[in-house]
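Participant: As given, the protein sequences belong to chains A and B, one line each in that order. As numbered in our numbering, residues 1 to 90 make up the first sequence, in order. As numbered in our numbering, residues 91 to 486 make up the second sequence, in order.
Zero decoy hints are in this set.
Just a few of them, taken from the derived set where beta-carbon distance is under 8 angstroms, the chain B residues facing chain A:
| id | residue |
| --- | --- |
| 1 | Gly-246 |
| 2 | Gly-333 |
| 3 | Phe-337 |
| 4 | Gly-361 |
| 5 | Glu-363 |
| 6 | Gln-365 |
| 7 | Tyr-381 |
| 8 | Pro-382 |
| 9 | Pro-384 |
| 10 | Leu-389 |
| 11 | Ala-390 |
| 12 | Glu-441 |
Which chain A residues face chain B? A few, computed with CB under 8 angstroms, are given here:
| id | residue |
| --- | --- |
| 13 | Pro-8 |
| 14 | Asp-62 |
| 15 | Gly-89 |
In case anyone wonders, no lab produced these hints; they're calculated from the structure. All C-beta atoms in this analysis are idealised placements derived from N, C-alpha and C, irrespective of residue type, glycine included.
Read off the chains here:
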Amino acid sequence: MATVKIPPVLRAQTGGQAEVSASGSTVGEVLAALVAEHPDTERQLFAAEGELNRYVNVYVNDEDVRVLDGLDTAVSDGDTVVILPAMAGG
Amino acid sequence: MATAADPIEQVKERIEMLSLEAAREEIASGAELIDVREQHEWDDAHLEGAKHVPQAELAGKIEELVPERDKRIVLYCRTDNRSARQADILEQMGYRNVAVIKGGITAWTEAGLPVVATLTPEQRTRYSRHTLLPEIGVEGQLKLLNSKVLLLGAGGLGSPTALYLAAAGVGTIGIVDDDVVDASNLQRQVIHTTDRVGVPKTASAKQTIEALNPDVKVVEYNLRLDASNILDILAGYDVIVDGADNFPTRYLLNDASVRLRKPVVSASILGFEGQISTFIPYDGPCYRCLYPTPPPPELAPSCGANGVLGVMAGVMGLLQANEVVKLVTGVGETLSGRLLLYESLSTRFTELKVRRDPECPICGENAPEIAPEDMGKFPDYELFCGAPAREPSPAA
Numbered sequence: 001m002a003t004v005k006i007p008p009v010l011r012a013q014t015g016g017q018a019e020v021s022a023s024g025s026t027v028g029e030v031l032a033a034l035v036a037e038h039p040d041t042e043r044q045l046f047a048a049e050g051e052l053n054r055y056v057n058v059y060v061n062d063e064d065v066r067v068l069d070g071l072d073t074a075v076s077d078g079d080t081v082v083i084l085p086a087m088a089g090g
Numbered sequence: 091m092a093t094a095a096d097p098i099e100q101v102k103e104r105i106e107m108l109s110l111e112a113a114r115e116e117i118a119s120g121a122e123l124i125d126v127r128e129q130h131e132w133d134d135a136h137l138e139g140a141k142h143v144p145q146a147e148l149a150g151k152i153e154e155l156v157p158e159r160d161k162r163i164v165l166y167c168r169t170d171n172r173s174a175r176q177a178d179i180l181e182q183m184g185y186r187n188v189a190v191i192k193g194g195i196t197a198w199t200e201a202g203l204p205v206v207a208t209l210t211p212e213q214r215t216r217y218s219r220h221t222l223l224p225e226i227g228v229e230g231q232l233k234l235l236n237s238k239v240l241l242l243g244a245g246g247l248g249s250p251t252a253l254y255l256a257a258a259g260v261g262t263i264g265i266v267d268d269d270v271v272d273a274s275n276l277q278r279q280v281i282h283t284t285d286r287v288g289v290p291k292t293a294s295a296k297q298t299i300e301a302l303n304p305d306v307k308v309v310e311y312n313l314r315l316d317a318s319n320i321l322d323i324l325a326g327y328d329v330i331v332d333g334a335d336n337f338p339t340r341y342l343l344n345d346a347s348v349r350l351r352k353p354v355v356s357a358s359i360l361g362f363e364g365q366i367s368t369f370i371p372y373d374g375p376c377y378r379c380l381y382p383t384p385p386p387p388e389l390a391p392s393c394g395a396n397g398v399l400g401v402m403a404g405v406m407g408l409l410q411a412n413e414v415v416k417l418v419t420g421v422g423e424t425l426s427g428r429l430l431l432y433e434s435l436s437t438r439f440t441e442l443k444v445r446r447d448p449e450c451p452i453c454g455e456n457a458p459e460i461a462p463e464d465m466g467k468f469p470d471y472e473l474f475c476g477a478p479a480r481e482p483s484p485a486a
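Please model the entire structure based on the sequences and the hints provided.
Facilitator: So, in structure tokens, the structure goes:
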């Protein structure tokens, strides 16, 4: 299981949870497991063709999956997957 | 035989007295420049590159300072009497290549030549806890006093940032904000006060800063940044601190700061959480490398009503001030290339890597220079957050 960190703006879609456990061996599988559990997150995370929305950053531990293998990036047990949209509050 | 008791006119006849022009050439070509005045005189102002050895200590210290007897040594004092006497003494000690700046630092400054001004007695007291830190010292404090920092927003982030930068002695603080103080701001915007509700935030911030530290010059920009004014405003500053409350301003700032190669300390806050990074154009990633596209309105809550923990805003604002101090003084390691997340409810910090995007439309390898009017734009610019955020947003 990986730990998925949910940003404040997505917590309405996860019943208020800031962290969700999800299984999967890649980022795509982990996020699919998250969506299966919390279907309302799908529209925020994924664009029409199933790729990650450009405005959502996803990290495995501390590395951006854009510089790894995107949704195919491997996820190990105990890894943390961080979902991070830009915030503008000041 | 020449003695130290000879009249000063007689001493000066046997010493090489340098014109200002000759002295500048000697200094530029590596002469050992020594200021023989007293501490308080040195503190007021001295020549760049000089070493300070008060006249009473020179004979005892010179052999350690300059072991070679034929090394070129240039002495100066307020006029040239003390330095001439000291030159005479050095020559009697066997130094063969000593000269004195004719007219001393008085002639130097009267000619309009540059000096290194240093801390006043009041400043030495005020900033003593800084100058005691070897990493900062008088030199670092002078850098702070000479620095110009622009704050975007005098809100939840800008308020604590401004207070601490003012206390730290940042010499010029520019503040951009077009809002007035609202009673709902006071839970976190600690630079404002209850009796200033309704007053422009820039004026309120200026009042607090001037009461805190008279060394700081506050420049008010009671306006909203846009493509027509941003380049002119940014141009006069060394570091920009982004505490803006909306995405259009954040992208606009990024594009303009990359163009002008100005470092930006960027933070944002929402609820109990904050993010911060430092963007140094072409050295590290820019805001668009991190966030290529702004989120849609439902994921951009600064456009709507949201809560924010005031203390958390303070933590993030002070982390920004900390970045500014490092950028200005050159000590330590900035957050360039790192995004720091702070979750105040769990008191957890998470650090993520941020890399330059070679395809970045603004700072990427093949990014074309964009026209000023196109800065900060997206094809769907108006869609995501066209209207300025207003209270009760966490921002403003």
